[in-house]
Amino acid sequence: MFRRFYLLFVLTLCVTILCGAAPAKVGKTEVHPAFWWAGMKNTTLQVLIYSDLVKDCEAVLSGAEGVVIDHAVRLKNQNYLILYLNTNGAQPQKFSIKLYKGKKLYKEIPYELKQRSSRPVNSFDAGDVVYLLMPDRFATGTTDEQKKQMYKGMKQDTWSSADMARHGGDLAGMTKHLDYLQDLGVTAVWHTPTLENDMPEQSYHGYAITNYYRTDPRIGSNEDYRNWVNECHKRGIKVIKDIVFNHCGSENFLFRDRPADDWFTYNSVYTPTTYKTGMPGDPNTSKLDFDLTVDGWFTMAMPDFNGRNPLVADYLIQTSIWWIEYAGIDGIRQDTYPYNDFDFMRRWCMDVEREYPGFNIVGETWINNPVAVSYWQKDSPLAAPKNSELKTVMDFPMMYMLNSCVDEETDTWDHGFARLCDLLGQDRVYANPNSVFTFLANHDTNRFQPTEEKAKDITRYKQALALLLTLRGIPQLYYGDEIGMFANKSVNDGALRQNFPGGWPGDKNNAFTAEGRTELQAQYHDYTRRLLNWRKGNETVCYGSLVQFTVRDGVFVYARVKDGKTVTIVANGTSKPAKAKSYIYKEVLPAGQAYDVISGNTVTLGEEIELAPKQIMILDFTK
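The sequence shown begins at 406 in this note's numbering and counts up one residue at a time.
Just so you know, these hints were derived from the structure itself, not from any lab. For each residue, glycine too, the CB sits at the ideal point set by N, CA and C. Any given hint could turn out to be false.
Said to hold, decoys possible - Beta-carbon label-pair distances, calculated as ranges:
id: 1; residue 1: E550; residue 2: L951; range: 33 to 43 Å
id: 2; residue 1: T434; residue 2: E628; range: 19 to 29 Å
id: 3; residue 1: E944; residue 2: R640; range: 49 to 59 Å
id: 4; residue 1: E944; residue 2: E1012; range: 27 to 37 Å
id: 5; residue 1: R640; residue 2: P982; range: 35 to 45 Å
Taking the hints into account, I'd like the entire structure generated from these sequences.
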């Protein structure tokens, strides 16, 4: 997450919070959600109306059949009216919500229940390779003149190449390069938030949401987003939408003109979080630190929602269900997961599952400890009797391990792949080890290749990628990994999120095309493409049981086994030639021949497998 905002904005916001803002003149009426669907299993619908002085209006449904107002909620703020509608048994239809002041009609709001989609859920799992991209930095598909119109009226209405500025990437650019992703072998795309971030500065990343029902116009429209999802599906690519429940942007109307102070934690007064994500699952943590972690604000510009307030919970849960139904997304990545109220998030996971059985959600669990990470996974015995109902957690311990072990000389006990072997030995703490989210880097960390010098060493990447794609879990690449992009977080977060070369007019280097790649980029790309397309549809390596052997003479051997078929990985963790004696590994080295995925050759296994320094082999016996 991005944490730095300019001092002037912070001070202004601080004054607003401390002094309290008078009820705002609304102007444009907001109705959230603007429409819904008939046939939902949850037949109670919250409709939040934000408009001038609507609190005391009496609401009447006109032309509705089978839809009734269950009750109305009137809050402190005069500009809000919340209606709860009962849609049980209602068919798709159009009607209106009429608001009266006395006998006089004050406002009339058209409303519609649409027909639900019949598209089956096809969510992401260990059979996928997920590609993480940042819309603002991936590619643009619009001209400068078009951008001027898209940016018009936004608080930050310019773009540039500066690290912390908006660069102008958009949905049109993302669509333009979907064939590239399909050819690479990607089967799912996770994009950082595309919802409106109408903040004065530095919200290019998308995590300071100002409207949960509107795509940021600088990226595109809601219709553009839905069309992009459809284009992904045409290519067999699933879409994972990044959303944020823990906090919003301070320019969100829900904060600027709060329904009530208890919609945000600490009664809407800025109180910083500890950022200690392990605290909520720590049986020994103090109440002080627990509360500060869960209820503390991420930054002053990102106020913390109070998920224990049922009105807030209903509002946020409905936004996610709306996007699943409206756009047909295939999964959700939930930002800053442990910072949220546990029971609120449990309810959310259950509500989504009830409407869309099999739909997967991955929570950002940024903790470098398998025990602490596993606490958040569905059915974790460590959380019992509580149950998060969250199917997938992010495996940060594995990320840190893969970034470090490939740089070490492997020995029997303490270095290199010996440490990786020990980490995998802790998989028993996960309720479902194959439903953890694994990666080499993401938009918040150093790139896997943190420096240009490191990027020149493709052997390092070859080992790490082969491990990532053959170990248990759901592997994720960060855009640019496949061409050796490098960056270090010590510069700033914006530096981690460079433009993909070729995504902007005038780029001298176009890595989207074979002819536009440098020699080194081509080596990275071709290797990645080979492995991703081999993995696609390989049931054994995607879903098979993991069998590992202790490290011997610097060599790490493990296998994925399913239905009598085997894929065996042999990795030399030393900078010297090494040998693996075949008889030791006979339970995962069937006699005869194997397809060597990396070289593309069929090899005959003898008494020993000879390995060059830092070489890794993927031996596929399923062919």
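Violated hints - listed by number, lowest first: 1, 3
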